[in-house]
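Undergrad: These are the residues of each chain, in order.
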Amino acid sequence: MSRLSILGLTKAYGRTRVVDNIALTLEEGEFVSLLGPSGCGKTTTLRMIAGFVEPTEGQISLDGEIISAPGSVLPPERRTMSMIFQSYAVWPNMTVAENVAFGLKLRKLPSAETKRRVGEILEVVQMSHLAERYPSELSGGQQQRVALARAIVVKPAVLLLDEPLSNLDANLREEMRFEIRRLHDEFRITTVYVTHDQAEAMATSDRIAVMNAGRIEQVDAPHLLYTRPRTRFVAGFIGRTNLLQAQVENGEIGFGGISVGVGQVAGAEAATTRDILVSVRPQSIGLHRQRPVGEHPILAGVVAQRTFLGETWDYVVRSEEAGGLRLRATAPPSQIHEVGEKVWLEFDPRQMAMVE
Amino acid sequence: MSTALGKSVVATPPRRVSLARRIGRIEPVMLLWILLIGALLFLVAFPLGKLFLVSFETRGTGAFTLSNYVTAYGRARYIEAVVNSLTLGLASATIAVVLAVPMAWAVSRTDMPGKGLTWTVVLGAFILPPYLGAVGWILLAGPNSGFINVFWRWLTGSESPFFNVYSFEGLALVIALNAFPLVFIFVKSALDLVSSEMEDAANILGAGTWTAMRKVSLPLVWPAIMAGFIIVFLETIALFGTPAIIGIPARINVVTTQLWQFFEYPVRVEVAAAYAMPLLLVTAGMIATQKLLLSRKGYVSQTGKGGERRPIKLGAWRWVMFAWCAMVGMIAVAMPLFVLLQASFAKAWGRGLSLDNLTFANYYLLIFEHDMAMTSIWNTIWFSATAATIAVLLALMVAYIVNRRLVPFGEVLGFLALAPFVIPGIVMAIGFYAAYAAPPLSLYGTAALIILAFAARFLPIAYANSSSAIRAVHPEMEEAARILGSGRLHAIRMITAPLVKKSLLGGWLIVFIVASRELSAAIFLVGPRTRTMSVLLYDLSEAGNFEVLAAFGGLLLVVTLIFVGIGMKLVGRDFMLRRG
Ligand SMILES: Nc1ncnc2c1ncn2[C@@H]1O[C@H](COP(=O)(O)OP(=O)(O)OP(=O)(O)O)[C@@H](O)[C@H]1O
Ligand SMILES: [Mg+2]
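Protein chains in written order, with my numbering: chain A, 19 to 374; chain B, 428 to 1007.
A couple of the hints might just be wrong.
[Stated by the list, open to error] Output of the computed footprint for chain B on chain A, the stretches with three or more beta carbons under 8 Å from beta carbons of chain B:
no.: 1; region: 94-105
no.: 2; region: 111-123
[Said to hold, decoys possible] Beta-carbon label-pair distances, calculated as ranges:
no.: 3; chain 1: B; residue 1: T638; chain 2: A; residue 2: D332; range: 49 to 55 Å
no.: 4; chain 1: A; residue 1: H241; chain 2: B; residue 2: L459; range: 28 to 34 Å
no.: 5; chain 1: A; residue 1: Q104; chain 2: B; residue 2: L459; range: 25 to 31 Å
no.: 6; chain 1: B; residue 1: A711; chain 2: A; residue 2: E72; range: 35 to 41 Å
no.: 7; chain 1: B; residue 1: V694; chain 2: A; residue 2: R96; range: 57 to 63 Å
no.: 8; chain 1: A; residue 1: S157; chain 2: B; residue 2: W744; range: 55 to 61 Å
no.: 9; chain 1: B; residue 1: R737; chain 2: A; residue 2: S184; range: 31 to 37 Å
[Stated by the list, open to error] Pairs of lysine to aspartate or glutamate, DMTMM-like flavour, derived with a Cα cap of 25 Å:
no.: 10; chain 1: B; residue 1: K928; chain 2: A; residue 2: E150
no.: 11; chain 1: B; residue 1: K928; chain 2: B; residue 2: E903
no.: 12; chain 1: A; residue 1: K123; chain 2: B; residue 2: E903
no.: 13; chain 1: B; residue 1: K929; chain 2: A; residue 2: E150
no.: 14; chain 1: A; residue 1: K173; chain 2: A; residue 2: E48
no.: 15; chain 1: B; residue 1: K928; chain 2: B; residue 2: E796
no.: 16; chain 1: B; residue 1: K929; chain 2: A; residue 2: E116
no.: 17; chain 1: A; residue 1: K133; chain 2: A; residue 2: E204
no.: 18; chain 1: B; residue 1: K774; chain 2: B; residue 2: D966
no.: 19; chain 1: B; residue 1: K996; chain 2: A; residue 2: E155
no.: 20; chain 1: B; residue 1: K928; chain 2: A; residue 2: E116
no.: 21; chain 1: B; residue 1: K740; chain 2: B; residue 2: D619
no.: 22; chain 1: A; residue 1: K173; chain 2: A; residue 2: D187
no.: 23; chain 1: B; residue 1: K740; chain 2: B; residue 2: E838
no.: 24; chain 1: B; residue 1: K928; chain 2: A; residue 2: E193
no.: 25; chain 1: A; residue 1: K126; chain 2: B; residue 2: E586
no.: 26; chain 1: B; residue 1: K642; chain 2: B; residue 2: E662
no.: 27; chain 1: B; residue 1: K929; chain 2: B; residue 2: E903
no.: 28; chain 1: A; residue 1: K173; chain 2: B; residue 2: E903
no.: 29; chain 1: A; residue 1: K123; chain 2: A; residue 2: E150
no.: 30; chain 1: B; residue 1: K929; chain 2: A; residue 2: E193
Calculated directly from the structure, the hints in this document are not laboratory data.
For every residue, glycine included, the Cβ atom is placed at its ideal position computed from N, Cα and C.
Based on the sequences and whatever the hints tell you, model everything.
TA: Quick look at the structure:
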């Protein structure tokens, strides 16, 4: 049985549906991110899971028992969940150890046991030496570790995190990202992680749910989101892409004068209309000075624009042959083409995906 | 939407959370909301509504009439009082601005010496009850035996006094000397937000220090100056003590003293209610104006806290500024206090400082023989303490409900809690009199009536305080406790309460201190056994025995200072002067 399951969940404020009919299921021990741009409803979703917000429609169940439905919401304190907040919410009137012990005391654990578990978890988050400090004497990263320890020490059924790293500076963010994944690998707590940073979601999650305007657009493993985006929004939001108008005819997808087999392009079998959109990642387009040989489709073009980004070159190539189509392609730093130079573009159909 | 929702969900049959659990969750908050609305209606809306109704009622029958308004505005003397009030308000506010703005600028922006001393002066003027300052100034500038005038005659041999406090100018000056801290606090906190770079930018373009101040800093804080001006104006037109003590002997009638006369036997509360309306309307209108002024864009709010701040080097002018602050300190605090103290230990205050004039008899009389003095001290303390407790508890609950958005229409509660801010104390008192003095409640002269009126009058102070205290505690602090298994009340007790404790204590003390010196609301509501110190002080001033009066003022100050001291120790040095 799945641990946490969300069905048809909707939240409306007045007439705006800030969360719109979403469904999501987490297996025991799974780490799923809610990823999406600001204002898409991630926090609202998370707070409905936590029990702070009542849904307008739909339901949330934990281990088969319904914990949220319109008009009946199990209060947060009875959900055996833990949550980590953007503001850390480490209580300034308690020491680090007291913060961490709070949840255990509420569970009426014997004090020796409480002490032992607090000691252990502080060891895990490398905060043992600061146990007696007050939060005002800690850095942002240290406070976030306290929040993590406090949430994990109670062995919650579900761990919820709302942009826990967004107040940290870039280096610390990267470090904490691995810390969170490490803790997950160690304790295997079912986790819902909210972020708008795709690198963060990619580094931590088993699966990512991409949200847009209150809806979930796609739920998949990180690499599948990149290689097999299913909607135009996902293709554009995860990494960068070329979105091409294409036509389906006789089992072939054609654009700009070239064609590839429907069976080769991810998701294309499901096409129901003649006109479709195809996402082609800039990284999947080969750039050549001479016309390459092989069975991959080829287009000739001229470099119209280029930008050096340090790790790659970013070229915009204009193809007269394809009716003035402009395509973005990347190349390693050593591969230099001048603006105006003639180049050949080589496509790999297996790295293309049809999007809605 | 895409098909990629992972494993599709088999809907478990909805096992609804039990109804009892739902009621257990929702109802306490709603119940509290209803209770709070009830309390606020009782404290704020009902007295005000009653005041309005009564002004249209015929005495006894309660039939509709306009005759109260005809009576209230039917005599030149009554109209003149309204004009006097407005003129006095303008005069006092102008003087207060002239006194306070240079001080605020010097403390905030320059390297003037003696800033700590200036703070002390401001705090001193703030703590000194207005009517005590007035008594001090009678001793200083009474036309015949006032020290300043005696000295003037001795110096010049002139017949006429140098400065007669029993005059319009005297009244305006004495009020301004007590009210200028309000302007100071407004302007200083605005100036504190102006970054030095603003002035540097003007300097680079060739403006000197003075030009930069005139053309850059002052215009930036112009709204704050106006706001301070308005507050002093409103304080002045609502003030009872000083106009009664100085104005009545000088035959200057103002709205508040006229209201008092309507309350003399036979009490004409209907006429008083009609007569109080302009005071209410002017106050509400001015406060709306002030809000507008402070919210206007393009001023300090946009410069933000950022930017470096360096004190302006004044050179020799430092001492000029210092002299100004010192002069204000002398006339506003040091001199009145000194003569009061002197009089309180004197057999006859006019004989000045000498050993054979020294006596403890005044204090002895008050403490051991006077039949009301000690009672009034005790009354003051417990009325104020109870009122402060009621106000803070009520304000805290309202602030919590409003800030955490626990109920729909929570803003109604917040609005009611802030409403008394636009009601002058004296109007509030008449409202309470009209609403609760008569049967069925028959509270006239009881402690309960005074306590409730105090609690209502100072509810906005408590609310502003509680609201900022609650807002300072991020809701996530509580939510973090709840998700770990603590119920709402437990979370409030364990997390929120410890975090707001200190600022609430500060709020409680402020309400206590202002309530303990409140005169205008008290004087309409006290009975023979429920006199407060401020009312007794006013009684004594009517009796004209200045030595005993001064000694009683001394006692009042001691009581106030004890609580100010406690506040400073527990909450912080400038807890009374923070702008919140
Ligand atoms: N209590 C509320 N009343 C009305 N609208 C709300 C309320 N709470 C949230 N919203 C609206 O719902 C939308 C989604 O908000 P939410 O906080 O869930 O977004 P988010 O995805 O977490 O964004 P961010 O990345 O900025 O945190 C926003 O447009 C917000 O303005
Ligand atoms: Mg959010």
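Undergrad: Output the indices of the hints that this structure fails to meet, ascending.
TA: Going through the list in order, the structure violates hints 4, 8, 15, 22, 23, 24, 25, 26 and 30 and respects the others.
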